[in-house]
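K.L.:
Residues per chain, in single letters:
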Amino acid sequence: MKTAFIDFTRGLWEQIPPFRLVLGLCPTLAVTSSVTGGVGMGIATTFVLVCSNVLISLLRPVIHPKVRIAVYIVIIATFVVFVEMAMQAWAYPVYQLLGIFIPLIVVNCIIFGRAEAFASKNNVLRSFADGLGMGLGFTLSLAVIGLFRELLGSGAIAGKAVFGPSFLPCTLMAKAPGAFITIGCFLAIMNGIDLRKRGIK
Amino acid sequence: MNDAVKMFSVLAGVTTTCGLLLAGAHDLTRERIFSQELRYTKGPAIRAVLTDATNDPLVDRKAVAVSGKEVTLFFGKKGGSVTGMALETAAQGYGGPLHVITGFDPESGKCKAIAVALSRETPGIGSRITGNAFTESFAGLDTATFAALRKDGGTIDAVSGATISSRAVCSAVAAAQKLFKEIRPSLSGGRQ
Numbered sequence: 001m002k003t004a005f006i007d008f009t010r011g012l013w014e015q016i017p018p019f020r021l022v023l024g025l026c027p028t029l030a031v032t033s034s035v036t037g038g039v040g041m042g043i044a045t046t047f048v049l050v051c052s053n054v055l056i057s058l059l060r061p062v063i064h065p066k067v068r069i070a071v072y073i074v075i076i077a078t079f080v081v082f083v084e085m086a087m088q089a090w091a092y093p094v095y096q097l098l099g100i101f102i103p104l105i106v107v108n109c110i111i112f113g114r115a116e117a118f119a120s121k122n123n124v125l126r127s128f129a130d131g132l133g134m135g136l137g138f139t140l141s142l143a144v145i146g147l148f149r150e151l152l153g154s155g156a157i158a159g160k161a162v163f164g165p166s167f168l169p170c171t172l173m174a175k176a177p178g179a180f181i182t183i184g185c186f187l188a189i190m191n192g193i194d195l196r197k198r199g200i201k
Numbered sequence: 202m203n204d205a206v207k208m209f210s211v212l213a214g215v216t217t218t219c220g221l222l223l224a225g226a227h228d229l230t231r232e233r234i235f236s237q238e239l240r241y242t243k244g245p246a247i248r249a250v251l252t253d254a255t256n257d258p259l260v261d262r263k264a265v266a267v268s269g270k271e272v273t274l275f276f277g278k279k280g281g282s283v284t285g286m287a288l289e290t291a292a293q294g295y296g297g298p299l300h301v302i303t304g305f306d307p308e309s310g311k312c313k314a315i316a317v318a319l320s321r322e323t324p325g326i327g328s329r330i331t332g333n334a335f336t337e338s339f340a341g342l343d344t345a346t347f348a349a350l351r352k353d354g355g356t357i358d359a360v361s362g363a364t365i366s367s368r369a370v371c372s373a374v375a376a377a378q379k380l381f382k383e384i385r386p387s388l389s390g391g392r393q
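Protein chains in written order, with this note's numbering: chain A, 1 to 201; chain B, 202 to 393.
Rather than coming from a laboratory, the hints here were simulated on the basis of the structure. Treat each hint with caution, since some may be false.
[Said to hold, decoys possible] Under the rule of at most 30 Å between Cα atoms (straight-line distance), these lysine-lysine pairs were calculated in the BS3-like manner: (1) Lys352(B) with Lys379(B); (2) Lys66(A) with Lys352(B); (3) Lys121(A) with Lys207(B).
[Said to hold, decoys possible] Covered stretches of chain B (chain A as the covering partner; in silico rule of three or more C-beta atoms under 8 Å from a C-beta of chain A): (4) 228-239; (5) 353-364.
Nothing here was measured: the structure is a model prediction, and the numbers come from that model. Note that beta-carbon positions come from the ideal geometry of N, C-alpha and C, so glycine has one too.
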């Protein structure tokens with residue numbers, strides 16, 4: 001239980017994607033121009049990550065090592081299509097916002113990385129904890145990046161304008177370079193905090 | 202050999218199970234996805250075309266068979282009487298398929314208004330076909346004049362620099378006009 005908790009928290013700070021585990025940058029750049037997009041993508045990814053981690057961990061004894069990559073891809077793709085269908089059926093506006101990036105979760109390196117590096121070697125409980133931690137960490141990161149970019153790039157939070165009409169949006173922040181700048185700044189802050197913790201100035 | 206059989210059976214088992222699950226999920230969500238698509242992609246265009254309707258045209262729809270194909274007609278009603286009918290047609294645009302909703306007057310059969318429901322035209326160039334300046338030029342086309350560009354011998358002015366996109370809208374509207382012409386006599390005996 002204790003190890004599972006450690007696995008869970010690892011995804012929230014120590015290896016939080018996409019900052020620490022510099023994987024999954026493509027969706028990060030693409031969908032974080034608004035909070036809604038970021039959170040929607042985060043939740044979809046979390047679902048796929050948790051389900052595929054659990055299933056791959058369960059199937060460990062039967063997955064033949066030579067075909068493991070193919071099996072992982074089939075499992076991940078299945079869950080992604082489930083998410084896509086569910087989003088189309090119950091959250092169509094979010095689906096319209098994310099569009100092609102939902103099916104592209106199949107090739108998200110975070111999911112594949114966790115399947116290969118973690119779920120294929122550990123038990124179900126630990127894999128579940130790892131998937132949940134990584135997923136929530138990713139959701140949190142996307143939400144924070146989205147909040148920052150939307151605030152500066154379009155002067156709004158989740159589509160609602162927060163500044164007066166005189167606010168001049170910084171369009172750069174709404175485009176891909178804005179995402180790089182934001183990620184860079186957050187990474188610098190996170191590294192600063194870690195260095196300080198270790199007593200190095 | 203034994204190894205190969207094991208590899209094969211694992212992969213076959215996993216893919217078959219996943220395939221069956223996906224088919225099941227597709228069946229479960231199909232209806233709902235269809236109505237959501239209607240509501241969010243075609244809905245705004247249909248409402249833009251049937252402006253005077255007080256009902257929900259997405260609910261008052263009817264599938265009609267025309268020359269072997271099934272066409273969905275959307276009815277706009279006001280005070281119980283049908284004030285407009287809309288149908289969707291598609292044509293090949295510059296950047297991909299272009300879906301147009303054309304609204305007709307049930308009395309005269311004239312084109313009331315059109316709206317572009319889905320387009321992938323070049324932003325800033327072809328995308329201008331979705332603007333009112335262009336779409337309004339289709340209003341009032343009667344049953345005898347099918348939509349065509351002026352340079353093709355018709356009455357519609359193309360958006361400058363976007364001939365292909367403009368022509369695609371014209372052919373979609375003309376297709377809708379032809380369909381409506383075929384459907385009209387079968388609609389509860391034509392005129393009421």
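K.L.:
Taking the earlier hints as the rules, which of them does this structure contradict?
P.N.:
Going through the list in order, the structure violates hints 2 and 5 and respects the others.
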